[in-house]
Amino acid sequence: MPRIIVLGSGTSTGVPEVGCHCAVCSSTDPADKRLRTSVLYITDSGKRILIDCSPDFRQQALRVGLDRLDAIVLTHEHYDHIGGLDDLRTISWDKPLPIYAEERVLAAIRHRLHYYFRKNPYPGSPQLDLYPIHPGIPFEAADMEILPIRVMHAGLPILAYRLGDFAFVTDLKTISPVSLKSLQGLSLLLLNGLRHKPHLSHQTIDEAIDLIARVGHPKAYITHLSHHAPLMVEMSHFLPEGVVASYDGLEESLPKSPYRYADCGEMPYDEALDVQRSLFDALLKAKAMNRPTHSVLMFCEHEPVLTIGRHGDKANLLADSLQLSNRHIRVHTVDRGGDITYHGPGQITGYPVFDLEMFGLGIKRYISLLESCIIELLQGYGIEAAPVPGATGVWIDVAEPSKMRKICAIGVRSSRYVVMHGFALNVNTDLSYFSLINPCGFTDKGVTSMARELGYSPDIEEVKRRLQQIFHCRFSALMQAVTPPMI
1 MPRIIVLGSG TSTGVPEVGC HCAVCSSTDP ADKRLRTSVL YITDSGKRIL
51 IDCSPDFRQQ ALRVGLDRLD AIVLTHEHYD HIGGLDDLRT ISWDKPLPIY
101 AEERVLAAIR HRLHYYFRKN PYPGSPQLDL YPIHPGIPFE AADMEILPIR
151 VMHAGLPILA YRLGDFAFVT DLKTISPVSL KSLQGLSLLL LNGLRHKPHL
201 SHQTIDEAID LIARVGHPKA YITHLSHHAP LMVEMSHFLP EGVVASYDGL
251 EESLPKSPYR YADCGEMPYD EALDVQRSLF DALLKAKAMN RPTHSVLMFC
301 EHEPVLTIGR HGDKANLLAD SLQLSNRHIR VHTVDRGGDI TYHGPGQITG
351 YPVFDLEMFG LGIKRYISLL ESCIIELLQG YGIEAAPVPG ATGVWIDVAE
401 PSKMRKICAI GVRSSRYVVM HGFALNVNTD LSYFSLINPC GFTDKGVTSM
451 ARELGYSPDI EEVKRRLQQI FHCRFSALMQ AVTPPMI
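When you line the sequence shown up against UniProt numbering, it's residues 1 to 487, in that order.
Among the clues, some could well be false.
Restraint ranges, calculated between C-beta atoms of paired labels, are given here [to be verified]: (1) Gly265 <-> Gln323: 23 to 33 Å; (2) Ser45 <-> Leu200: 35 to 45 Å; (3) His196 <-> Ser176: 18 to 28 Å; (4) Ser236 <-> Cys22: 16 to 26 Å; (5) Ser45 <-> His311: 41 to 51 Å; (6) Gly65 <-> Cys473: 32 to 42 Å; (7) Ser278 <-> Leu62: 38 to 48 Å; (8) Glu145 <-> Asp274: 11 to 21 Å; (9) Ala107 <-> Ile137: 10 to 20 Å; (10) Gly65 <-> Cys22: 46 to 56 Å; (11) Phe117 <-> Ser176: 52 to 62 Å.
Worth flagging that the hints you see were computed from the coordinates, not collected in a lab. Glycine included, C-beta positions come from ideal geometry on N, C-alpha and C.
Sequences are here, hints too, so could you generate the full structure?
What follows is the structure, encoded as structure tokens:
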């Protein structure tokens, strides 16, 4: 089981500050003594990834008995985040240690530690291999996929990092909606909150609490705290449930994530299909090589498009080419089960690209589980829905066949227990597009949406958040039941 160790939880000056005699700096509580911010991530296989290397690295490493590292990732070039790199010489003199950061940060390291990187390095220099990375583009380090996320430190663009269901965000002042989506579906978040009083380049504790709510209320620890923050014993009086002030030496185990979640927002259908196929092929290749597999859940909204399954009947496409052209609708024949369906704005199209063996599932149970996840979501909105034998998907008013209407279509492709494609849930969908087809091949069944059933348009972002939580809960439980406990 992965785990983290908070090596330092303090701001750039640490706590206590030199020359200060305030209540926090004078506290005798060890939890109020904060070294500069850094965290150690330990993978399932025991690989060690250091996130930021503070000037206190030597002291931090001695405290936890850290005698090796497999990778370092850096958020930015400020001294309190790279000042300990010189102390790596004792643990990386005999083999290269990879360091990942933006090129601007790597250039700062080459300048600061010029005696390591010149033509004839200083004797005893560590072997540091520098690798440039880019925000939004995942990379692999120490057998772990890591997603760099762009955040802003006042006017300086820096990186946060997501490793599975854990994310580390420090020195954040502002974050874009796109980056915010990358923090959805976490089980643990380590996030900066300097103090209560506003600051030019750091968010406050209250702003951190607000951001935690905006990404779905994961368990969260606040870090990068200054001596202007309250005493540790006072923190619990105002922090909400599930939010705790971090402290040096804090350890937290992370349950293995069932999948990586990606809220892709508005994404062209062709692009989403290419991404799915790439992920699908990667899973099959990993299984063939007996390597660990990494499932992915994608949520998308597409432009208006019609898709027909590999065994679909093209006679169920009722519109001619002129009608389709006038409405700017393309038709795709794809490698999934099921007949013809519509995708478009206001619809959550979910693509679980999963290794079903990780969850102990066969294809029939998997499809049934997809249906039950959607049904649970709808129940939370007061919409009663159910599956129908022989008619895959989720339906309303199943007791009255003349009134039955589909709210969610399901169609998948599978090979060696790896699946792609998935479901299309009508949230605020323009249902007029369904008049162009016999939806899913049915000529006597209607379609509906959450908006039509509720009488108002629900917030699609909130619907996605709730649905992802249901998926995470269901698939986590299945994975834990399949995975033997570690002894």
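Query raised in the report: Falls inside 23 to 33 Å, the C-beta gap from Gly265 to Gln323?
Result: With a Cβ separation near 28 Å, Gly265 and Gln323 satisfy 23 to 33 Å, so the hint holds.
Query raised in the report: Do the Cβ positions of Gly65 and Cys22 conform to the proposed distance bound of 46 to 56 Å?
Result: 32 Å, violated
Query raised in the report: Between His196 and Ser176, is the Cβ distance one that fits in 18 to 28 Å?
Result: Cβ of His196 to Cβ of Ser176: about 25 Å, so the range 18 to 28 Å holds.
Query raised in the report: Using the C-beta atoms of Glu145 and Asp274, is the stated range 11 to 21 Å upheld?
Result: 19 Å, holds
Requested in this report: Given the range 35 to 45 Å, decide if the beta-carbon distance of Ser45 to Leu200 lies inside it.
Outcome: With Cβ atoms ~41 Å apart, the hint holds.
Query raised in the report: Does the Cβ distance between Ser236 and Cys22 fall inside 16 to 26 Å?
Result: 20 Å, holds
Requested in this report: Confirm or reject the claim that Ser45 and His311 have a C-beta distance inside 41 to 51 Å.
Outcome: 42 Å, holds
Query raised in the report: Is it true that the C-beta distance of Gly65 to Cys473 lies inside 32 to 42 Å, as the hint says?
Result: At roughly 36 Å between Cβ atoms, Cys473 and Gly65 fall inside 32 to 42 Å, so the hint holds.
Report task. Look at the Cβ atoms of Ala107 and Ile137 and judge whether their distance stays inside 10 to 20 Å. Result -> At roughly 19 Å between Cβ atoms, Ile137 and Ala107 fall inside 10 to 20 Å, so the hint holds.
Query raised in the report: Lying within 52 to 62 Å: is that true of the beta-carbon distance Phe117 to Ser176?
Result: With a Cβ separation near 33 Å, Phe117 and Ser176 fall outside 52 to 62 Å, so the hint is violated.
Report task. Given the hint of 38 to 48 Å, check if Ser278 and Leu62 actually sit that far apart at their C-beta atoms. Result -> 44 Å, holds
Checked against the numbered hints above, the structure violates hints 10 and 11; every other hint is satisfied.
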